[in-house]
Amino acid sequence: MLPVFLTQVIILFQDTTFIYAISDQRLLNGFDIAANILG
Numbered sequence: 001m002l003p004v005f006l007t008q009v010i011i012l013f014q015d016t017t018f019i020y021a022i023s024d025q026r027l028l029n030g031f032d033i034a035a036n037i038l039g
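Be aware that the sequence shown starts at 1, since it is given in full-length UniProt numbering, and climbs by one per residue.
Take these hints with a grain of salt, some might be off.
Cβ pair distances, simulated, as ranges [as the list claims (entries may be wrong)]:
#, residue 1, residue 2, range
1, Q8, I37, 37 to 45 Å
2, N36, Q8, 30 to 38 Å
3, L2, I33, 41 to 49 Å
Hints are computed from structural coordinates only; laboratory data are not their basis. Using N, Cα and C, we set each Cβ at its ideal position, and we do this for glycine too.
Please model the complete structure; the sequences and the hints are all you need to start from.
Spelled out as structure tokens, the structure:
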């Protein structure tokens with residue numbers, strides 16, 4: 001029972017990390033664009 005639960009947690013963690021990585025990339029790109037417009 002425990003190994004299955006652990007696997008689910010790891011998969012979930014990887015998914016959220018992946019989403020956060022994508023969000024960070026888009027956020028950084030947004031800052032770059034804003035800096036170019038303002039700067």
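Hints and how they fare:
1. Q8 / I37: 37 to 45 Å: 44 Å, holds
2. N36 / Q8: 30 to 38 Å: Since the Cβ atoms of N36 and Q8 sit about 43 Å apart, the hinted range of 30 to 38 Å is violated.
3. L2 / I33: 41 to 49 Å: Roughly 47 Å apart at Cβ, these two residues keep to the hinted range, so it holds.
The structure fails to meet hint 2 from the earlier list, while all remaining hints are met.
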